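> Under this note's numbering, the residue at position 241 of the sequence shown is numbered 246, and the numbers go up by one with no gaps.
Calculated directly from the structure, the hints in this document are not laboratory data.
Keep in mind it's a predicted model, so treat the numbers as computed, not measured.
Zero decoy hints are in this set.
Pairs of lysine-lysine, DSS-like flavour, derived with a Cα cap of 25 angstroms:
1. Lys249 <-> Lys203
2. Lys249 <-> Lys308
3. Lys203 <-> Lys252
4. Lys203 <-> Lys308
5. Lys308 <-> Lys162
6. Lys175 <-> Lys89
7. Lys162 <-> Lys330
Each pair of labels, with its calculated beta carbon distance range:
8. Leu331 <-> Ile176: 30 to 36 angstroms
9. Ser130 <-> Phe86: 39 to 45 angstroms
10. Phe327 <-> Asn239: 26 to 32 angstroms
11. Gly291 <-> Phe204: 39 to 45 angstroms
We treat Cβ as the ideally placed atom computed from N, Cα and C, and that holds for glycine.
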Amino acid sequence: MRSMLILMHRLVFVLFISPVLCLSQNQDLNDVAGDLIFLTGQYVEPAAQATIYQASSGWFKNAKALNLWEVDLSLQVNALFLPKNKQNFNVSEPNLVNLSIQGNQTNASIPTALGGESNVVLEGSINGDAIEIDAPEGLDQSVFNYFQFQAALGLWKGTTFITRYSPRIKINKTYYQVYGFGLQHNISQWIPSIDNDKFNIAALVSYSKYNVSDEFSPANLVLGTINAINVEGNSFLFSVLASKTIKKFDFTAAIGITESDFTYQIGGDGELLLLVLNTALETLEGNETNFKGDLGVNYNFNKFSINSNISFGAFTNLVLGFNYKL
Numbered sequence: 006m007r008s009m010l011i012l013m014h015r016l017v018f019v020l021f022i023s024p025v026l027c028l029s030q031n032q033d034l035n036d037v038a039g040d041l042i043f044l045t046g047q048y049v050e051p052a053a054q055a056t057i058y059q060a061s062s063g064w065f066k067n068a069k070a071l072n073l074w075e076v077d078l079s080l081q082v083n084a085l086f087l088p089k090n091k092q093n094f095n096v097s098e099p100n101l102v103n104l105s106i107q108g109n110q111t112n113a114s115i116p117t118a119l120g121g122e123s124n125v126v127l128e129g130s131i132n133g134d135a136i137e138i139d140a141p142e143g144l145d146q147s148v149f150n151y152f153q154f155q156a157a158l159g160l161w162k163g164t165t166f167i168t169r170y171s172p173r174i175k176i177n178k179t180y181y182q183v184y185g186f187g188l189q190h191n192i193s194q195w196i197p198s199i200d201n202d203k204f205n206i207a208a209l210v211s212y213s214k215y216n217v218s219d220e221f222s223p224a225n226l227v228l229g230t231i232n233a234i235n236v237e238g239n240s241f242l243f244s245v246l247a248s249k250t251i252k253k254f255d256f257t258a259a260i261g262i263t264e265s266d267f268t269y270q271i272g273g274d275g276e277l278l279l280l281v282l283n284t285a286l287e288t289l290e291g292n293e294t295n296f297k298g299d300l301g302v303n304y305n306f307n308k309f310s311i312n313s314n315i316s317f318g319a320f321t322n323l324v325l326g327f328n329y330k331l
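Make the full structure from the sequences, and use the hints.
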């Protein structure tokens, strides 16, 4: 199955950029570009998946509805846990066309964007000129921490408008930023048998726009250099949640589904090289569906509250929020 996917990527690559390659008359560039696209997909995919869980976490603290025009302001601290199986991927020379692993090895473990350091060097040639590419390194952390601001506004009929913003932050050579908005509607208000002072059910839909970019040591490919990969994504979350109030505590559980899409872009120098690579990167773009669960606890005191929320699925993300109602 894996070899079939590789073959399909290469076939699509040739169909999309063959006019450019005909102009360049450079089969070596074709082969190197195909290898780089394959490696890029393996490198960035875990980071793109992780960002989905970051962007879809912490949208609620309970299923209650805010009063009309009531405002709830939040400062959220997030911790995304990076599992070991998402930090490296294996490369075998039979999967590559032009490039090979420097030394006597035919297989190597290379970090993803979520991984650590690497001493793997890939080598190849373009028109007889030797090239060397250092395998890029990742975050080199087991937990990715960041913070964001969130505000909720009570609207009519038990509906709450939510917006969030995370400043652009840098960890090692990786940049991250997310912003978005959502709507939460209280469903239990329409069910007469439910006591909304103690139990609430709500539906939530949100949209997130995020950007993750990685810089790495420049790789000289004769026709130019590459030194960065940028991932932009859009993600929709659809979730149903229920909360139980016991004295000053709200205990919340939710299930949800995310629909996401990504675009990729390589940065560097060399107009033809970047055109070839970024055109080929379009073969990696597409939609992705993920299921997730959430558990949360919220403690209320006067106009303040403190909430914690944990999202779990392919990744685990913990949110701690400090909230104030106006």
